[in-house]
Structure formats: structure tokens, C-alpha cells
Amino acid sequence: MLDKYALARKDATYIFSKVNRMSQPSYKPDFYSRAFIKDAMPHYRRMRELGPAVWLPSNKVWAVSRYEDVKKSLFNAESLISGKGISANGFANRLMSGDKKITLTSDGEDHMRKRGVVGKPLSKKGMKDLSQQIQNEADRLVESLLARGRFDGVRDFAEHLPVQIVSNLLGIPESGRENMLNWSTQSFNITGSYNWRTLRSIPAGIQMARYGKRINRDNIDPNGWVNNLYDAVDSGVLEEEDVPAMVNDYMGPSLDTTIIASSYMLYLLGSNPEAWEAVRSAPELIPNAVNETLRMASPVRGWCRYVKDDVDLSGTLIPKGSRVLVVLVSANYDERKWKNPETFDIHRNPRDHLAFGFGVHSCLGRHLAQLEMESLLRSMIGRVSQINVSEPKLALNNTLRGFSSMPVQFS
Amino acid sequence: MPKVTYLLPDGSEHEFSLSVGQSIMEGAVSNGIEQVLAQCGGSAMCATCHCYVEGGPVEALPPISDLENAMLDETEAERKDNSRLSCQVRVTEELSGLRVAIPEEI
Numbered sequence: 001m002l003d004k005y006a007l008a009r010k011d012a013t014y015i016f017s018k019v020n021r022m023s024q025p026s027y028k029p030d031f032y033s034r035a036f037i038k039d040a041m042p043h044y045r046r047m048r049e050l051g052p053a054v055w056l057p058s059n060k061v062w063a064v065s066r067y068e069d070v071k072k073s074l075f076n077a078e079s080l081i082s083g084k085g086i087s088a089n090g091f092a093n094r095l096m097s098g099d100k101k102i103t104l105t106s107d108g109e110d111h112m113r114k115r116g117v118v119g120k121p122l123s124k125k126g127m128k129d130l131s132q133q134i135q136n137e138a139d140r141l142v143e144s145l146l147a148r149g150r151f152d153g154v155r156d157f158a159e160h161l162p163v164q165i166v167s168n169l170l171g172i173p174e175s176g177r178e179n180m181l182n183w184s185t186q187s188f189n190i191t192g193s194y195n196w197r198t199l200r201s202i203p204a205g206i207q208m209a210r211y212g213k214r215i216n217r218d219n220i221d222p223n224g225w226v227n228n229l230y231d232a233v234d235s236g237v238l239e240e241e242d243v244p245a246m247v248n249d250y251m252g253p254s255l256d257t258t259i260i261a262s263s264y265m266l267y268l269l270g271s272n273p274e275a276w277e278a279v280r281s282a283p284e285l286i287p288n289a290v291n292e293t294l295r296m297a298s299p300v301r302g303w304c305r306y307v308k309d310d311v312d313l314s315g316t317l318i319p320k321g322s323r324v325l326v327v328l329v330s331a332n333y334d335e336r337k338w339k340n341p342e343t344f345d346i347h348r349n350p351r352d353h354l355a356f357g358f359g360v361h362s363c364l365g366r367h368l369a370q371l372e373m374e375s376l377l378r379s380m381i382g383r384v385s386q387i388n389v390s391e392p393k394l395a396l397n398n399t400l401r402g403f404s405s406m407p408v409q410f411s
Numbered sequence: 412m413p414k415v416t417y418l419l420p421d422g423s424e425h426e427f428s429l430s431v432g433q434s435i436m437e438g439a440v441s442n443g444i445e446q447v448l449a450q451c452g453g454s455a456m457c458a459t460c461h462c463y464v465e466g467g468p469v470e471a472l473p474p475i476s477d478l479e480n481a482m483l484d485e486t487e488a489e490r491k492d493n494s495r496l497s498c499q500v501r502v503t504e505e506l507s508g509l510r511v512a513i514p515e516e517i
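Order-wise, the sequence lines are chains P and S. Anchor point for the first sequence: position 386 equals 386 in our numbering, and the numbering is continuous, going up by one each time. Anchor point for the second sequence: position 38 equals 449 in our numbering, and the numbering is continuous, going up by one each time.
Keep in mind that a hint or two might mislead.
As the list claims (entries may be wrong) - Pairs of lysine-lysine, DSS-like flavour, derived with a Cα cap of 27 Å:
#1 P:Lys124 to S:Lys491
#2 S:Lys491 to P:Lys120
#3 P:Lys320 to P:Lys100
#4 P:Lys60 to P:Lys320
As the list claims (entries may be wrong) - Label pairs and their calculated CB-CB ranges:
#5 S:Glu505 to P:Phe91: 52 to 60 Å
#6 S:Ala471 to P:Phe36: 52 to 60 Å
#7 S:Asn442 to P:Lys393: 40 to 48 Å
#8 S:His425 to P:Asp39: 37 to 45 Å
#9 S:Glu470 to P:Glu241: 54 to 62 Å
Treat the hints as calculated values from the structure; they're not laboratory data. Think of the CB as a built atom: it goes at the ideal place given N, C-alpha and C, for glycine as much as any other residue.
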């Protein structure tokens, strides 16, 4: 039977959301524009000042940018769901909310089940078995870079471990794998609002999906991480059809994010020679260096959630049916939480930074990223006395923030 | 209100009154015990709220679920017989007087 109140309810919700928007702070600049990305810190500061949730009319999302509110929003995965996509554009959200969801865009029980499978080889324990291999590779890398003198901090230093080691660990077919880094970079563009970068990323997204579909039991390494998905099919936890999309749970986030964090680490230590001196003379400061880097780098700017039920966020009502943009990088620079947030302080260990997100969807690869970064530092400590960095070049990406190149010299 | 005592790695002891239904992890976080990271926010997915139950009415503790059991194998500090994920223990009146130690490495 037709619900005769449905229309009235829809109207009321619409009017209410208009009224609500009028009475709530809004911030006009386009979050995904070139100008915003190029000089983002003052924007984030302004958004934090305006309130717990700020309406962005250019992007039609509510931005949450204070530390405590970001944490609260990510914790509230029952009302702020991922299953209708985590993008700021409808096209990508429809793509992501199909039947076969990846872990990143699943909710509830379905998400827990998938997360358990994908995360299995990424546990702390799994990392212990890997640590020697990664350390050896990091040692070799640092020695060759020292011999070379000048190098690029992104391509030659930061890309090495993720591209050489991690893509091998996945155990996916060789042919086409060389595109993995480009595909994953582009997949971070697709989650922005509609703009040139979003549109340009679509072909890469299609190629990546095709590559995923070509993967089968016969062309993967039986000891690789992707094979773990087939093991889960055999034990009845996943369905065979879940696998092609879920390969992206490994491919998508394992490269760029760590590459950005590692090159940012070099940048911060090179620009703060006294901090590098401190780490060299007290290697127990390595965790500080890594966590403080992760806080300041915040490789993922933020992702969206769909508002399933009205949510009261520290006094601001966010109406059902809208989208919330959770700004991780802003939380990591929130002056309410951090003292001198723009200062790299080697004597603090900000273990509660939100670069990996928070809550049920928090980064599954965190231990791997930390292991890679710590290994690089350990290799550098005995060998590199000075890190000279020149002005890095900012990469333009809707969702990632980091450098595309940075001249460096070790001595 | 049930009372829970947290023993911190620096040797200090902190007793807090928790509401029934709150988890030991939430009790720690809301009272400013920063040692407890609880990165996954209490969904038994990260093992960064690991604690050792050191005394009190241990017989009133809820059983360890399969999920918690699997996560306890992932803890940074050694898993012991008295290891629990503090997010999976909800406080009841019967649990008043519980003493939990927070490991140095979490």
C-alpha cells in the first residue's frame, strides 16, 4: 500500500535539512580543488574553528575536522556507514555499493567477516616473520643510496619497499603488476567530488578491476596473501565471487600510503637535523619518529560516510541521508588535542594519531607500514649522518596528500 | 557503581567508578588512561587494549569469545593466562573490585 505520509515526511526532512544547514556553519571553498590541496592547512584550521561539523556547499558534505569529533564519527559505524560508498561523488559511491563489496565499504557482520580474512596475514605476529626480510632489503637500499649520493626521496627511497617487497608478498600475477602503483594512486582520486582528477582516474579504475577479474587460483602464488582469500573460500567464510573485488583490499592501500609516509619521514628528519641527531644517538626514539611522522603526514586526507540515522555530533545535528567527510589530517593537526601541532617533536610519541583512522575500519596494514618505516630508520641510523633534503614537489590527488618527488642526499 | 583499579606500567594505581555496562577499556579511556590505545574503538579488532587481570572477583568475568581469543594471539606484550581485551569485558556489580594491569607495550 502506498504510504501517504511518505512524501510529507520527505518534504519535512528536506525543509529541516535546509533550516539546519542555514543555522549551521558552512565553508565555501572546494575541498578537492587545486587551490585547497596546495595550501590546505589554513583551510583545515578555519573548518575546525567553525564547529564540530561544517557544511561544505561546494562538495555537499558535512566536514568533521576536530580530533575528538573525527574519533567519535569513526567510532559510530552503526549510524555513519561505509556500505553506500566512502566517496564525495555519486558515481563512485554507486560503484562501491554494489553487491560484491570490498572490506573498506562493507558494514556490520559482513565487514567483520571480510576484515578477519584480509587482516590475517597482516597481524603483528605475521610481521615478525617478515621483519628480517624487510630489514635486509632496507639495509641494501640505504647502502646503495649512500653510494649514489643524490637520489629522489620518493621514487628511489620510499617506493622501494612497497613496490619490491609488498607487491611480491601479495603473490599476484606478474603481468600487469607494474601498473599497480599507478592504479592505486588513481583509485585515491576517484573518491573526491567530481573534478578533472576524479574523471581522469576512471580508466585506471576499470583496468584495475579487469586485472582483479583475471586473478584466479592458478595464477597466484600459493604462499601469497591473496591466496589467503581462496583459503577463506574453501573454509566457507567467503564466496568465490567475493575474491576479485577483495584483491583491491590489498592492492589499493598498500603502496601510496606507505610511500607518502616514508618520504615524509625523510623530509621531516632532513628539515629537523637535531631530531635526526637525537634518533641516531637514541634509537629508542624510533617509535616517536614514526608516529610523529604519521601524525604530520596523514597520507589519507579523509573519506566519507553515509549518514544512516540522524546523528548529533557535539551539538550539531547531521541529518539522515547526507554524507559526512571525516578529515583525518585535520584531526592530526587539531590544536585542541596537540601542543604545537605544526612542530615535529621527536620527544613526543603520538600513538593516538588518526592517520590510520579509528574504529572498525581502521587501517589493516598499520603494522606493515610501521614495520617498513622502522626498518628504514634502523638501516639509516648506523650509516647516514646527514640527510639533506631540497624543496619537495607536492602531488595533486583528491584523497592522498604527499610528495611526488624530493631531491635528497645522504652523507 | 562498580569500582575497577588500573595498575599502570609506572607502578601507579588508579581506582575509578564505572557505570554498569561500560567496558574496562571505556573506563580507562574516559578517565584519561592514555596507555590504553583501543585503536579499533572496542570491536575486538586491534588488540591495543590488552590487559592482565591481576585480582578481584575474577570468577565473575565473562567468558572469552572466539573473536577475542583470536585477537589475544596478536598482542604486543606476551599473552598470559590472565590476558583479556579490556574492550570485551563489560562491568557488572559483581565485577566491582577488579584489578587490571596495563602492559608496557600495548
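Okay, the hints, checked on the actual structure:
In summary, the hint linking Lys124 of chain P to Lys491 of chain S is supported, as the alpha carbons are separated by about 17 Å, within the 27 Å threshold. With a C-alpha separation of about 21 Å, the suggested pairing of Lys491 of chain S with Lys120 of chain P holds against the 27 Å cut-off. Between Lys320 of chain P and Lys100 of chain P the CA atoms are separated by roughly 24 Å; this keeps the pair inside 27 Å, and the hint holds. A distance of roughly 14 Å separates the Cα atoms of Lys60 of chain P and Lys320 of chain P; the hinted pair therefore holds under the 27 Å criterion.
One distance hint, 52 to 60 Å for the beta-carbon pair Glu505 of chain S and Phe91 of chain P, holds here, with the actual separation near 54 Å. A beta carbon spacing of about 54 Å between Ala471 of chain S and Phe36 of chain P agrees with the range 52 to 60 Å that was offered as a hint. Between Asn442 of chain S and Lys393 of chain P the CB atoms are about 46 Å apart, so this pair conforms to the stated range of 40 to 48 Å. Remark: the range hint 37 to 45 Å for His425 of chain S to Asp39 of chain P is upheld by a beta-carbon distance near 44 Å.
The hinted range of 54 to 62 Å is not satisfied by Glu470 of chain S and Glu241 of chain P, whose Cβ atoms lie roughly 47 Å apart.
Hint 9 from the earlier list is the only one contradicted by this structure; the remaining hints agree with it.
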